[in-house]
Amino acid sequence: MPALDVILNALISGVLLGGMLALTALGLSIILGVLRLVNLAHGEFLVAGAYAGLFLLQWTGIDPLAGLALIGLVLALIGYPIHRFLLVPLAGKGPEASMMTMFGLSIILQNLFVLLFSADTRAIDRSYANVPLEFGPISVPQIFVMGFVISVVLIVAVHLLIARSRFGRDLRASADQPQAAAIIGINVSRVHAFTFCLGAACAGIGGTLIGIALSFTPTSGASYLLTDFAVIVLGGLGNVLGTLVGGIVLGVLQSIGGLTLGDGYRDLVGLVLFLAMLSVRPQGFLGHRA
Amino acid sequence: MTVLTSQNTPQRAISIRSPTIRIVIACTAFAVLLAAPIVLPAYFVEIGFKLLIYIVLAEAWNLLAGYGGLVSLGTSSFFGLGAYVTVGLINHAGAGPLQALAASALAGIAVAIVMSRGLFRLRGLYFTVGTLALAEALRLFVINVPWFGGATGLFVTVDLPEIAALFRYATLLLALAALVMALATGSRFSVLLRAVRDDEDAAGQVGVRAFRIKLAAFIVASALIASAGGLQAIKLGAIEPYGSFGLQWSVDPLAIVIIGGLGMRFGAIVGAVLFVAIGELLADYPELHVAITGVTLILLIRFAPRGICGLAEAALRRRGAAPREARP
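Each protein sequence line maps, in turn, to chains V and Z. For the first sequence, my numbering begins at 1 and goes up steadily by one. For the second sequence, my numbering begins at 291 and goes up steadily by one.
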């Protein structure tokens, strides 16, 4: 049994990391909820965000945290043509066609990353990634706290956008009944395009945060894709705040798994939980709200 | 799989109607394959082995996705499972290759049955994600649990059969796969399977037991994939989690079937030949090869959802139809 402060530290970093995971999962969740698309290239969007942060720092010296909005914009700009030229032409051809197209894109991007940026493990090197923040016995890296706060703010912002704004009303209508929404004059394809860009931006910003807090490789995407699915399934699809809860629950469980079984088991805990959850309660802990 | 395969039943691109002729052609082909290692240079036997393994995997994937609508990204879970069971039995139980391969097929069936309850609750897209998670979970399990040699993997400790013998095993496996596919796609079962694929609820209402039908297809495919994994492990002589459970084993069969033709009887063979040929041409640039595979997938899904076989069939039909239209 490890000492109490070790346990406490692990739990708190689990919560903080879980918040960041929730932000990346949100990108996957809104695209799945509104476009009915399993974005198998989601993990690559996340890694692209991490590279964007890395190169922003290297080339311009702008701190990636200050440039988060810029990174989100870049990812949204990358997302737009992907939606316009790869996904829109497949409308009406069934969900598998789009999913496999995104899968094709994912393997292209993964190998482009390797070719362009080499297969090295990278980390965005900032002082606040290593300097710990201490409250008595608890000490966590500053970036965990900063990343958590940024993630929670963005998740709440997206929640308000969807729940309160005019655009959010259109979005919910398009997600529920695309045809009915189109009939009453909602520009469903514009909503879809915007949602896709928003999802890509969330993934990219989350990817930058994770790139500072942890490290990444060109092929990290696949495991984040699965982790994010676990988060969505825990929190319930289409439930924005549920995603935050799901992320934190998963982060804590991963920490407990890593602490009790060994660090290699972190991801395994998430996946087993995900598979178990899918077969027992696919609508998530918090019930169903599409 | 509504849209990618919706053009009613998969038609045969080359229709040789008489069953006797078909059986004779198939038997001759397998006899030639069995004899091939005697005359072929070693390089071609190697390539041939790879091709045979890929055809088996692609046939299994086509059965699931093309005929059953179960788009799986978990081929690697059964492939890796077969590899580990085979090497384990050869090393520790003194099993011969054929016994070990049969056992790995049984292990594949067992895991398919155990996982089916959870996976088949997931319709469509969620099934795909579930299979992807299964593959990743198995890989992490094998890396972390100490019995399997961790990330280093395991070595086969006995003498390995030479490549010519392995080529013959692969031929036998393919013959088995072809037989199973002929039975599964040319019988009442295939009608039930496609009914479940096209509308599971409607099929259920007219009395088709969807779960059993899907499970049967899943079991057959898993057994074939696990045996192929075992055979590949015997050939390599050493296995490790990243190789045996690698995503590539899930991607390649999918790519092959999409290239050849999803739900098309000859899709797996045509696709595998092209895929292996492209792979050999680009052998020095593996990243480029995978990226080109991705581009090919995107283009084919968009412009030729039924793959090369679908294109060929459409061309044949046009040629056949043109003279008739000319008549008044």
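Treat the hints with care, since some could be wrong.
With the C-beta cut set under 7 Å, the calculated list includes, among others, these residues of chain V facing chain Z [unchecked claim]:
no. : residue
1   : 91
2   : 95
3   : 100
4   : 108
5   : 128
6   : 226
7   : 265
8   : 267
9   : 278
Because the hints were derived from the structure by calculation, they are not lab data. Ideal Cβ positions, reconstructed from N, Cα and C, are used throughout, including at glycine.
Which of the numbered hints are not met once you compare them with the structure shown?
1, 5
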